[in-house]
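Participant: Given the coordinates of chain A, work out where chain B should sit on it, guided by the hints.
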Amino acid sequence: MNFSPLYVKESRAINSAKGSLLVAESIPGIKLGEMVDIILRNKDVRAAQAIDISKETAVFQVFGGVSEVDLTGSKIRCRGESLKLAVSIDILGRIFNGLGEPIDGGSPTVAEDYRDIGGAPMNPASREPPSEFIETGISAIDGLNALVRGQKLPIFSGSGLPHNRIIAQIVRQATIKGKEEGFAIVFAAVGVSYNDAAFFMRNLEETGALERSVAFINIASDPVIERISTPRLALTAADYLALEHHMHVLVIISDMTSYCEALRELSATREEIPSRRGYPGYMYTDLATMYERAGRIFGQEGSVTIMPILTMPDDDITHPIPDLTGYITEGQIVLSRELERKGVYPPINVFLSLSRMMKEGIGAGKTREDHNNVFMQLYAAYAEGCYLREISTIIGAEALSERDKLYLTIADRFEREFISQGEREKRSVEETLDIGWRLFSSLPEGDLKLISEGYIQKYLPKHREEGVLVPD
Amino acid sequence: MGKIRRVSGPLVIGEEMEGAQIYELVEIGKEGLVGEVIGLEGDNVIIQAHEDTLGLEVGEEVRGTGSILSVELGPGIVGAIYDGLQKSLTDLMKDSSFIKRGVKSPALPRDKKWSFTPKIKVGDTVNEGDIIGTVPETELVEHRIMVPPGVKGVVEKIGEGNYTVEEPIVWLKGDRETKELTMVQRWPVRKPRPYKGRLAPSGLLVTGMRIMDYLFPLALGGKAAIPGGFGTGKTVALQQLARWSQTQLNIYVGCGERGNEMSDVLYSFRKLKDPATGRLLQEKEIFLANTSNMPVVAREASIFVGITLAEYFRDMGYDVLMVADSTSRWAEAMREIGGRLEEMPGEEGFPAYMGSRLASFYERAGVVECLGAPERKGSITLVGAVSPPGADFSEPVTQNTLRIVDALYSLDVSLANKRHFPTISWLTSYSLYVDAVRDWWNQIDSGWENLRANALSILQQEAELEEIVRLVGPEALPERDKLLLLAARMIREDFLQQSAYHEVDTYSEPSRANLMMKTISKFYELTQAMLDSGVSVADVRSSPIVYKISRMKDIPHEDFEQRIKELWLEMESSLVPQKGGVL
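Chains as they are written, first to last, in the numbering used here: chain A, 1 to 472; chain B, 1 to 583.
Just chain A, same shape as in the assembly:
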């Protein structure tokens, strides 16, 4: 437990205020990272945090900006501690703002503990490699980019693409095969529109998952600086539920691009030396300290899985935000505008998408023995088809050989039958793999080089019908 000091430290010696920064004369005993209240002349209170302290001055970052702060009438009151989240099992079902204060009209949570929102780094030697397959019911994810518990897998989207609908579908459908365990959803809305946040909350309500969820909402009109703390509060809640209540927590953060913009704004007011496109040089580390909170610990129930959403500015995957994210996360699901235009839902670009943890989560006993082979072969066939599609736009499909035309058709069917599915359609991983086999049956058997002989005998529809072997 943390106790507030018995006396209150106050200071009126504010020297300057600009943007979201406030510089005051040094306050004895103030700690780096300590939270303070700025009390304005009209008695309004703003939260602020000490970000640079020295013998002469203390610099505060003011949540909500410095408007209405004046140098003579405002005062600083120290809280004596850093930003903490009051946690207990009762946070489930609640909605908070970017400072961890309830905004659902309910009373503040009765705290079991106050947790620092920074979170200590997990000892790499204590981590258990994630390997439990999460069935999302979406073929393009389960079949080709499988998600596992403890993974951090972002969705790289673009403005106007249906990332919200996909995430909503995942939340509705995600299950662990053959298991019924404590799970929870933590949702952080960071700088998104009111409509997007409301859509998501409605979806939670509809699936009956609301009482198993915690939401931290910072919509576009809320203070920019609170976007820095919103995802950290969400992760602190997730850590707590996973560690203390052994729940499997799925954290969804939307939209990390707004977070990074806020970070850039902050860095600029601090007059730091910018790195690429004005973003601060420490953005990689900053993002990593959040994403790395995903994972699980040896010998302990409970896990934190993170699915952040980010919109790629101008659909550019080399932009610093998706780029740095991709270097930290364990893969990415990339949405494609081209597929979206073709009417494919979910429009997942399987070439750019990747799940680094997939190999640990699939195979016999987890999904099905032929999963990896089917994945490789589907991938190769689709890649070949797309390559030929590109060539055929120049030389015309007529100039291709019969075999090549076959692959052209496979590419189309793959998009229509495998990737494409209904928003309310939940496919089991077996169904997903069987769609793959259905596509393979139009290829010559000798072309299935990446599938071992035994699986071809067992799963190819032709052989199944012959009754050579009955699938399990």
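Keep in mind the hints are simulated off the structure, nothing from the lab. Just so you know, nobody snuck in bad clues.
The list that follows gives simulated cross-link-like pairs (lysine-lysine, BS3-like), each with its CA atoms no further than 27 angstroms apart:
no., chain 1, residue 1, chain 2, residue 2
1, A, K449, B, K418
2, B, K3, A, K9
3, B, K522, B, K565
4, B, K548, A, K462
Facilitator: Quick look at chain B alone, frame taken from chain A:
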């Protein structure tokens, strides 16, 4: 003893600290956070903190330790899992699964007894670097205890049997006093360890990765960079190197990378076996794990800690491989500190000295003649991953690295999108060690150099033909070119592509790689003759041999030679020119 004057992120300014020296270690505040002095201004000192500084107050004390950042060298290192400052992570696990601030743990176990066998006698004169005895640290690594640099004397007394690392084992009579030696020595990480002389890199670093061993060989004592955008398999490539490389000791430095991947590495090394000895891999491996969410400044130190450990084992006369994933994160740590110090930035905000810092690190690789008796050679091979933003190789870290290294394995995003792994590009990678490994390869097969050149030339021609194919389509090419495309495809898919997760294919002996390439080359030779007699490429493509070549990778090692021999007989009998052909 001084006081904190200012705190800003990882930067701490202390005052009233006369006598502090650059790179001296200090302890900051009540929790005793570790920091390192990086600048002096009057009696103010500039300190970079290796731990999170949140919660520090102005006026808290700063204690100088009088020593600079050093590593402990002695039995107990092999198989250990350290953080960037050589704290034992396995030790810290006992208290908490999270790393709290200010925690300490010794690098070497203090209570464990090691069996020491002396290699010298009472009355011998020993000098720096002399091997005085050995400890069987693991089944794979014999730890050779050496006289620390700068020490010499006549052996007065010597121990034999079981000792902890703190107990004296040898008493040396020096000029003035008798000196007790234990099995531990300390060495400052930023200072290269001394050696007698340097030699040129020679001999192949056997990696088991065909594209490296065969096409772009890395010599023992060489230095190489692996740049690649995200998702190109940098980490898997480095893990493969650390797993299978046939050196006596491997050091894996995870610098600012993913925690789950690190745990995957740690976990898999506890299960996988070394192909040459059949022992568990962790018996010849040292891990340094400083994941991306651990303090940035410790990242900067971890690279130096790693290379100093490597030098220590090199001095014993071993071939050591160190892989660092990723040097870009290391450079970013330098940038962060430089920014806080308000230094004039160089390119993209990196400090102007980044290039020279990178060079001084890579220069610690190489082959040396070690100090002391018996005479011996040791080497450090250094491979660093680079993570260029946006996969743009023109960025400063990649460019500065390329000026230093002699082998480049450039990872290609488009290959990753095609799921061709490893994604090492055969068109843009290079190795300057071909001369250095020629003798080694000649012992396997004197035809290596020619076959290698041929393979590269086929791949180059393929790239040129690809451009034409995009304009006229594959069917419009002359038959000869179509056959070349088939051969190139075989080299790419059946030779260069290698699965890190396939039981057999994950490690491919150079002799095996050689036979595979010879088979493809033989196929090309025979089918060219068929073409001359009027057979079409479509017919060649439908030959069952093509399928068999594609499955060469899966043949278990013990059957390999026999099965390839059979394949050759089959090729010679079935791939024959058409009777009465056009010629």
